[in-house]
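**Q** Same order as they appear, the protein sequences are chains L and U. Numbered per the working numbering, the first sequence spans residues 246 to 453. Numbered per the working numbering, the second sequence spans residues 246 to 453.
Each hint should be verified, as a subset may be incorrect.
Repeated chains share a single entry, so a pair holds when one copy, or any two copies, can fit it.
Cut-off 16 Å, straight-line C-alpha distance, at most; resulting in silico cross-link-like pairs (EDC-like, lysine to aspartate or glutamate) [unchecked claim]:
#, residue 1, residue 2
1, Lys416, Glu442
2, Lys416, Asp372
3, Lys435, Asp388
4, Lys250, Asp280
5, Lys295, Glu381
6, Lys250, Asp363
7, Lys295, Asp392
8, Lys338, Asp372
Simulated from the structure, these hints should not be mistaken for laboratory data.
Protein chains: 2
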Amino acid sequence: MTMRKIAESTVRRLSLYLRCLEGFEAQGLETVSSDVLAARGGTTSAQVRKDLSFFGSFGKRGLGYSVRELSSALRGILGLGRRYRVAVIGAGKIGSALVQYPGFRQRGFDIVAIFDADTRKVGEAWDGLRVRHVRELDQALRDQPADIVAIVTPGEVAQGMVDRCVALGVKAILNFAPVQLQVPDDVAVKHVNLALEFETLTFALNNR
Amino acid sequence: MTMRKIAESTVRRLSLYLRCLEGFEAQGLETVSSDVLAARGGTTSAQVRKDLSFFGSFGKRGLGYSVRELSSALRGILGLGRRYRVAVIGAGKIGSALVQYPGFRQRGFDIVAIFDADTRKVGEAWDGLRVRHVRELDQALRDQPADIVAIVTPGEVAQGMVDRCVALGVKAILNFAPVQLQVPDDVAVKHVNLALEFETLTFALNNR
DNA sequence: GTGCATTTGTGAAAGATTTCACAATGACCA
DNA sequence: TGGTCATTGTGAAATCTTTCACAAATGCAC
Chain L
246 MTMRKIAEST
256 VRRLSLYLRC
266 LEGFEAQGLE
276 TVSSDVLAAR
286 GGTTSAQVRK
296 DLSFFGSFGK
306 RGLGYSVREL
316 SSALRGILGL
326 GRRYRVAVIG
336 AGKIGSALVQ
346 YPGFRQRGFD
356 IVAIFDADTR
366 KVGEAWDGLR
376 VRHVRELDQA
386 LRDQPADIVA
396 IVTPGEVAQG
406 MVDRCVALGV
416 KAILNFAPVQ
426 LQVPDDVAVK
436 HVNLALEFET
446 LTFALNNR
Chain U
246 MTMRKIAEST
256 VRRLSLYLRC
266 LEGFEAQGLE
276 TVSSDVLAAR
286 GGTTSAQVRK
296 DLSFFGSFGK
306 RGLGYSVREL
316 SSALRGILGL
326 GRRYRVAVIG
336 AGKIGSALVQ
346 YPGFRQRGFD
356 IVAIFDADTR
366 KVGEAWDGLR
376 VRHVRELDQA
386 LRDQPADIVA
396 IVTPGEVAQG
406 MVDRCVALGV
416 KAILNFAPVQ
426 LQVPDDVAVK
436 HVNLALEFET
446 LTFALNNR
């Protein structure tokens, strides 16, 4: 199942398809065609079939896909067959929203630790989780490794935190700080940058 | 300046370059080469030059780019020469984080209204802004049009809100709801979907 | 069981984006 | 002024992604 060189765009769509399938499942649908899935997911049926074809053959010709089976296959492909431990560095507004959002737990992501450099925040309990000082970061991650670290610090300190995490063996980072991070090849980084999203919108507003 | 068919990926990088340039400006740097800008932005010098070449010629051969001039040019290209009015629909955790994040105001985005369907939330003041009931949405947007609407509602009601906004002339939407939105061609939509980002990370963790 | 209506899976074609590579230009120095 | 060095701007090539189009399955009706 694990061939190399799957495009980022393909993986994003797989995740999207899974979300659509969960909707169909909730509606009680048993099967979907690539056409219907594409319509819901905002793409084309050929794209759906091509994306899936990188991983195998999941449909029945003439019939479409079993909603249940395809969901299950996608969860397998995306590695969602188990839960993931997430540590959050930075207890500001966005860190807070992350920690308190119940959707993550539902989707298999458990936030297991939150850190901040501000001693005034340390000790606050958020959603049952005590904010710890960043100086405890290394010890905490050694005792209880995290699968994914979310960086929600100011830009200036983000790289330093990432370096510490990488040294501790963290292989996946979700970065909300507005800086590009340097990491070794075997560490996955995803960036979420709201200013950037807003600016692609202002560009669109001014160019059509 | 306004040719058609600029790739989305190019626009995102332009926004990124601007962020890098602001950093260089803060460090007191007068000029940068495409090489230095690329290193900071996580891309290549050829990519930087190609991206810029769609809009004109901003550098001096042998010298590089004036940090000040290039910043200013990019702000022009991205349409950041003025302020933008943003309305937020949905006063949950993420809506709250959005409204209270001071960075948006600093970057030219003013949140001018926030709506929710939950009457218990209506009337709360967030950062000096009163939460209004969604039934006031149409009247409010007619009185005080917004340039950009951020959708922070549950998925089930997102499309309905978008339809109302589009009918009122909104041309740019930032969608945090985990559904694909249908809009006319002349409306720009950007999606922010954290579950999806997490899932591209779990895919990466399981496929290398 | 035959034929019809569907819909998948997939090579090949088209289209888009990134990288290459180099001529052109400007700054600086002697 | 002329030579050297650095760096841009840009066609052309390479690579990557999406779309096309159709043979191969499958179910269903009769």
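**Q** Please go over all the hints and tell whether each is borne out by the structure.
**A** Right, here's what the structure says about each hint:
no. : hint            : in the structure
1   : Lys416 / Glu442 : between (26 Å within a copy, 15 Å between copies)
2   : Lys416 / Asp372 : neither (26 Å within a copy, 37 Å between copies)
3   : Lys435 / Asp388 : neither (25 Å within a copy, 39 Å between copies)
4   : Lys250 / Asp280 : neither (26 Å within a copy, 27 Å between copies)
5   : Lys295 / Glu381 : neither (46 Å within a copy, 45 Å between copies)
6   : Lys250 / Asp363 : neither (42 Å within a copy, 46 Å between copies)
7   : Lys295 / Asp392 : neither (30 Å within a copy, 37 Å between copies)
8   : Lys338 / Asp372 : both (14 Å within a copy, 13 Å between copies)
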